[in-house]
Amino acid sequence: MALVEIIELRKTYNGASTPVEALRGIDLSIEEREFVALMGASGCGKSTLLSILGALNVPSFGRVLVDTIDVYTLDVERRADFRREYLGFVFQQLYLVPFLTAAENVMLPLAAAGVPNTRQRDMAMTALERMGLGGKGARLPRDLSGGEQQRVAIARAVVNEPPLILADEPTGCLDSQTGRGIMDLFLRLRDDGLTIFMVTHDRGIAGYADRLVAMRDGTLAAAGSTCANVGSSTRHRPP
Amino acid sequence: MQLRDIAWESLKRRRGRFAFIVTALMLGVGTVVALVSLSRAMQADVSDELDRFGANIIITPKSRALDLAYGGVAVGGLTVDVQDLNTEDATLIRTIPNKRNISAVAPKVVGTTEIDGKRALVIGARFDQEPGIKSWWQIDGRFARGGDEALLGTEAAQNLGKHSGETLALGGRQLRVAGVIAPTGSIDDQAVFVDLGLAQRVLGKPGKVSLIEVSALCRGCPIEDIVSQISAALPHARVAPIRQAVAAREQAVRQLTRFTYAVSFVVLLVGTLVVMTTMMSSVTERTQEIGILRAVGFRQAHVARVILLETVVINVAGGLLGWVAGSIGARLLGPALAQLSSPIPLDPGLLVLAVVIATLVGVTGGAYAAARAARMDPAEALRHM
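So the protein sequences, as listed, match chains A and B.
Numbered according to my numbering, the first sequence spans residues 2 to 240.
Numbered according to my numbering, the second sequence spans residues 312 to 696.
Simulated coverage check for chain B against chain A, where a stretch passes if three residues somewhere in it have a Cβ under 8 Å from a Cβ of chain A:
hint : segment
1    : 314 to 320
2    : 603 to 615
In the SDA-like style, the derived pairs of lysine to any residue whose C-alpha atoms are separated by at most 25 Å in a straight line are:
hint : chain 1 : residue 1 : chain 2 : residue 2
3    : B       : Lys-323   : A       : Gly-115
4    : B       : Lys-323   : A       : Pro-142
5    : B       : Lys-373   : B       : Leu-545
6    : B       : Lys-323   : A       : Arg-122
7    : B       : Lys-323   : A       : Met-126
8    : A       : Lys-137   : B       : Arg-325
9    : A       : Lys-137   : B       : Arg-315
10   : B       : Lys-323   : A       : Asp-144
FYI, nobody ran anything at the bench for these hints, they're computed from the structure.
Quick reminder that beta carbons are idealized off the backbone N, C-alpha and C, glycines included.
Using the sequences and the accompanying hints, generate a full structural model.
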């Protein structure tokens with residue numbers, strides 16, 4: 002069953018002299034528990050597509066349905082609620098609030114949802130332990146390595162158990178070994194039942210996904226499975 | 312973690328910037344508190360001065376005067392329906408609802424008689440009340456105390472050739488001159504002040520009084536209230552406030568209050584702009600952080616509440632410190648700047664005013680920043696690296 006349906010999606014930005022068409026009619030379906038990688042050159046519209054799928058950027062035309070919810074029929078505050086309940090974001094830049102500890106950063110979606118403090122702390126510690134950061138919840142981001150900070154961001158993305166994880170170049174600022182560790186985490190999350198949509202320009206990283214979608218000049222250029230068999234994370238690990 | 316925790320952590324993180332706003336607010340609110348304290352103290356001081364000036368209500372017999380004229384030529388006047396005042400009326404004045412505001416009631420009987428063979432203006436007065444009415448009198452000698460003493464105006468003393476300590480004869484009694492009043496420029500200079508009872512007897516007006524002077528310590532209560540209460544107690548009397556004293560007091564208070572409001576308005580306007588500018592700058596600096604909050608599901612209202620919470624904490628702190636600084640400043644500088652006779656007391660009521668003002672300034676200044684933060688496009692905010 003499709004968790005995400007993107008229908009005839011278009012986005013035009015007002016350029017300095019002429020309008021710029023970032024998306025030119027995208028149709029895409031993502032199944033539940035599917036790990037999809039979107040590849041493409043810089044400026045081809047990957048990040049625009051991700052931000053529209055993330056209820057952060059209103060499309061010029063078309064629809065985005067997540068779990069049958071037509072996202073852009075919601076008002077701006079309901080879209081914030083939608084992001085909190087359905088989405089987890091992982092960015093290339095280590096978007097952590099610098100004056101909050103790792104645990105407090107993980108608690109942010111729970112704070113927005115009004116979850117009681119004790120339960121917030123328990124859920125955050127569980128998410129951090131799941132990412133292998135059990136003893137580092139009290140540390141500030143500046144006291145963590147890049148890989149650890151990205152794992153804190155992933156813990157924050159999954160702490161409220163959303164069905165869909167959106168990742169924008171999640172290994173972009175990490176060394177290759179740390180990047181592979183992050184991809185292993187993604188595969189585990191997929192195996193735990195989450196759906197992942199990841200934007201990357203790294204073919205090696207894209208190889209971890211169940212399906213690779215290529216993008217060129219605002220359109221989907223090609224689509225297909227990166228592996229013949231879908232199901233086991235170990236089978237999808239590239240050599 | 313709740314929204315207030317995020318606001319608190321943010322405040323701790325940006326101590327330097329927020330200390331700047333607190334200092335600006337402290338100076339602004341402190342200036343307002345100092346001005347209001349000074350203004351209030353000066354009002355009180357002016358009131359005290361005017362109250363010390365003496366009687367501010369005069370009570371005379373009510374009468375109906377008829378002006379007679381024929382063909383545009385005045386042919387004199389006629390006073391009818393005069394009902395004399397008497398000694399008991401002075402006692403009734405002490406029974407009005409605002410009796411605690413009455414500091415002195417001085418009945419007087421006025422007439423002329425022979426003293427040592429010379430015609431003199433005699434004023435019968437109660438010597439226990441007169442000091443409260445004529446506090447500015449400077450006396451060579453001392454104030455008269457009893458029925459066998461007299462006070463002389465400076466011209467009366469010259470006319471009678473009497474000095475302090477000498478005696479004069481009145482109504483078959485020898486009165487000792489307790490003191491001579493220094494020139495006042497008023498009718499008092501020509502008068503011989505003696506005991507009320509003695510004067511009533513000598514002047515042939517037993518139990519009667521010509522007028523009653525009242526000194527009402529009326530700080531914080533309208534003099535008109537006391538006038539109307541006395542009028543109700545003495546329906547046969549004409550009760551009039553001394554308008555000049557009241558008008559002067561009101562004018563002084565009005566000018567002080569206007570000045571305080573004008574300066575306070577300018578100071579608070581500047582304070583609001585400082586808070587607005589600093590909070591706007593803070594919001595711009597926090598674009599990425601706001602983008603993160605919005606991306607993880609914070610509503611616009613949540614973001615606005617975090618910014619406003621920070622603003623309120625800063626402003627309450629600024630208000631408290633402003634009250635302390637303003638109160639201390641007024642206390643230290645007030646006597647020198649305003650030449651006040653007494654130190655300015657700490658006014659806890661101004662603390663509430665200071666905090667309310669600071670919070671209003673903060674919310675006004677911070678509201679735009681909070682609205683801008685809330686309306687920030689999260690996708691745009693996250694690109695702001």
